[in-house]
Every structure is written in C-alpha cells, then in structure tokens.
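Quick mapping for you: the protein sequence lines, in order, are chains E and P. If you read the first sequence in UniProt numbering, its first letter stands for residue 1, the second for the next number, and so on. If you read the second sequence in UniProt numbering, its first letter stands for residue 1, the second for the next number, and so on.
If you are wondering where the hints come from, they were derived from the structure by calculation, not from laboratory data. Any given hint could turn out to be false.
Stated by the list, open to error - Derived DMTMM-like pairs (lysine to aspartate or glutamate); straight-line CA-CA distance at most 20 Å:
#	chain 1	residue 1	chain 2	residue 2
1	P	47	E	53
2	E	47	E	14
3	E	68	E	80
4	E	47	P	65
5	P	76	P	26
6	P	47	P	14
7	E	47	E	26
8	P	76	P	101
9	E	76	P	80
10	P	47	P	80
11	P	76	E	101
12	P	47	P	26
Number of protein chains: 2
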Amino acid sequence: MTTAPFPVRPEPADLPAPLPEPAVAELRLEVVLGALSDPLRMGIVRKLLLESEAFDHPCGWFGLDRPKSSLTHHFKALREAGVTRQRQYGLERRSHVRVADLEARFPGLLRLVADWTPPAA
Amino acid sequence: MTTAPFPVRPEPADLPAPLPEPAVAELRLEVVLGALSDPLRMGIVRKLLLESEAFDHPCGWFGLDRPKSSLTHHFKALREAGVTRQRQYGLERRSHVRVADLEARFPGLLRLVADWTPPAA
C-alpha cells in the first residue's frame with residue numbers, strides 16, 4: 001500500500017468524537033469524486049493538505065468569502081463523502097482530511113488534489 | 001511522466017475528426033472528477049479501459065439499459081469534460097478514453113477508475 005504523502009498530525013488528547021461519517025470500507029470513489037468536483041471544496045481539501053497549522057481547522061481559518069450557511073453545507077458534504085473528518089468543539093466545527101483512509105482506498109488521489117490549481121478568476 | 005497503464009490501440013487510418021473537446025492543457029481536474037462522479041459514466045470509462053475490443057465503441061456496445069437520449073447526454077458529458085474522445089461515423093458516435101492525455105495531466109486517476117466496483121444494486 002502507498003504510504004501517506006502528506007504529514008498527518010498526531011491526535012491531541014481528549015478530542016471530541018467525530019461527527020457521523022462513512023467508515024473507510026464504505027468510501028465510494030464516485031461519491032468522493034463528486035465531493036471534490038466543486039472548486040470551493042477542492043480548495044478546502046487542498047489547503048488542509050498543504051497548509052494545515054493544527055490538527056483540524058474551523059471554517060473561519062480558510063478565509064472563504066461565502067455565507068456561513070453555504071460553507072456549512074460544503075464542509076458537511078466533504079464529511080459525508082468521507083473526505084474530511086469533522087469534530088464539534090463547543091459552537092465550532094473543525095475539519096481535517098482523512099489522509100490515511102483515502103490513501104488506503106484511493107492511492108494517489110490526494111496527490112492530484114494537492115497539485116490542483118484553482119480556475120482562473 | 002507516468003507511462004500509460006492501459007493499452008492504447010493504434011489509430012486506424014481515415015478516422016473522422018473528433019467532435020469538439022477540450023485540449024489537453026485545458027483539462028480541469030474538478031471537471032473531470034465531476035464527469036466521473038456518476039456511476040453510469042464511471043462504468044462507461046471503466047469498461048472502455050478494461051474491455052475495449054476496438055479503437056472506439058458506439059453506445060450500443062455497452063449494453064446499458066437506459067433511454068438513448070440519456071446515454072447521448074452521458075457520452076457527451078464525458079467528451080466535454082475531456083475524459084473521452086468521440087467521433088461521428090455516419091449516424092453513429094463512438095468513444096474511446098483519452099488515456100495519454102489523462103495520464104499526462106492526472107497520473108494515476110485512470111487506475112482508480114479501473115479498480116472501481118459498481119455500487120451494490
């Protein structure tokens with residue numbers, strides 16, 4: 001199996017439980033690709049892969065100029081497809097990429113995401 | 001660059017010109033992933049990769065139980081995303097996968113498609 005090409009930060013102690021998500025064996029390629037087919041969501045995953053500064057990040061960290069309700073929808077779509085794991089910290093949800101799970105099931109896919117460039121504005 | 005992991009059949013002589021499609025430099029990962037996020041379309045690409053018996057194939061070859069207008073739509077979506085190349089042979093359009101172009105731009109992606117298994121019915 002391919003080893004993960006992206007740094008995976010050690011889990012902090014006393015993490016909240018993850019919000020509902022598909023198990024690694026339940027990940028479906030067509031569903032994961034659908035989640036990544038939106039440029040905003042692709043950008044979220046790419047930024048998490050390349051620029052993470054902590055174990056997981058709230059939506060405010062991404063600096064996205066979209067209504068909160070829209071961002072909530074996109075982060076949920078990524079989690080429900082199995083691309084990210086989300087945890088509830090008080091009023092805030094934070095996300096990180098399921099690097100090991102995705103590399104195990106779809107080796108090389110995250111490298112393509114990391115190499116992605118946003119469409120010209 | 002990765003070499004193509006799938007057999008590419010030599011071009012027959014006197015091929016009709018391809019129907020309109022993006023150039024290899026114009027291929028967009030998020031668009032290609034969107035085209036592949038539909039199980040029917042993923043199945044079409046996988047079958048072309050693994051079971052091709054000729055240079056390209058008409059939609060009847062796939063044995064898909066869908067209305068002709070729906071199939072026309074899906075084959076067009078694959079072509080417009082740059083996943084397949086379509087040519088008009090008289091009344092019939094035939095498709096093949098742009099293996100070299102996709103491997104050049106998104107190495108490893110077609111391997112994931114070939115390894116895909118359809119969702120349980």
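Hints and how they fare:
Distance check on the hinted pair: residue 47 (chain P) and residue 53 (chain E) sit about 42 Å apart at the alpha-carbon level, beyond 20 Å; violated. At most 20 Å may separate the alpha-carbon atoms for a hinted pair to count; residue 47 (chain E) and residue 14 (chain E) exceed this at roughly 25 Å. Between residue 68 (chain E) and residue 80 (chain E) the CA atoms are separated by roughly 18 Å; this keeps the pair inside 20 Å, and the hint holds. Straight-line distance between C-alpha atoms of residue 47 (chain E) and residue 65 (chain P) comes to about 41 Å, which puts the hinted pair past the 20 Å bound.
Under the criterion of a C-alpha separation no larger than 20 Å, the hint pairing residue 76 (chain P) with residue 26 (chain P) is consistent with the structure, at around 17 Å. The suggested pairing of residue 47 (chain P) with residue 14 (chain P) is violated, with an alpha-carbon distance near 25 Å, which exceeds 20 Å. For the hint linking residue 47 (chain E) to residue 26 (chain E), the alpha-carbon distance of about 25 Å lies beyond 20 Å, and the restraint is violated. Between the alpha carbons of residue 76 (chain P) and residue 101 (chain P) the distance comes to roughly 18 Å, so the proposed pair stays at or under 20 Å and holds.
Proposed proximity of residue 76 (chain E) and residue 80 (chain P) is contradicted: the alpha carbons are some 29 Å apart, above 20 Å. At roughly 19 Å between alpha-carbon atoms, residue 47 (chain P) and residue 80 (chain P) fall within 20 Å of each other, so this suggested pair holds. For the proposed pair residue 76 (chain P) and residue 101 (chain E), the alpha carbon gap of about 33 Å is over 20 Å, so the pair is violated. About 25 Å separates the Cα atoms of residue 47 (chain P) and residue 26 (chain P), which puts this hinted pair outside 20 Å; it is violated.
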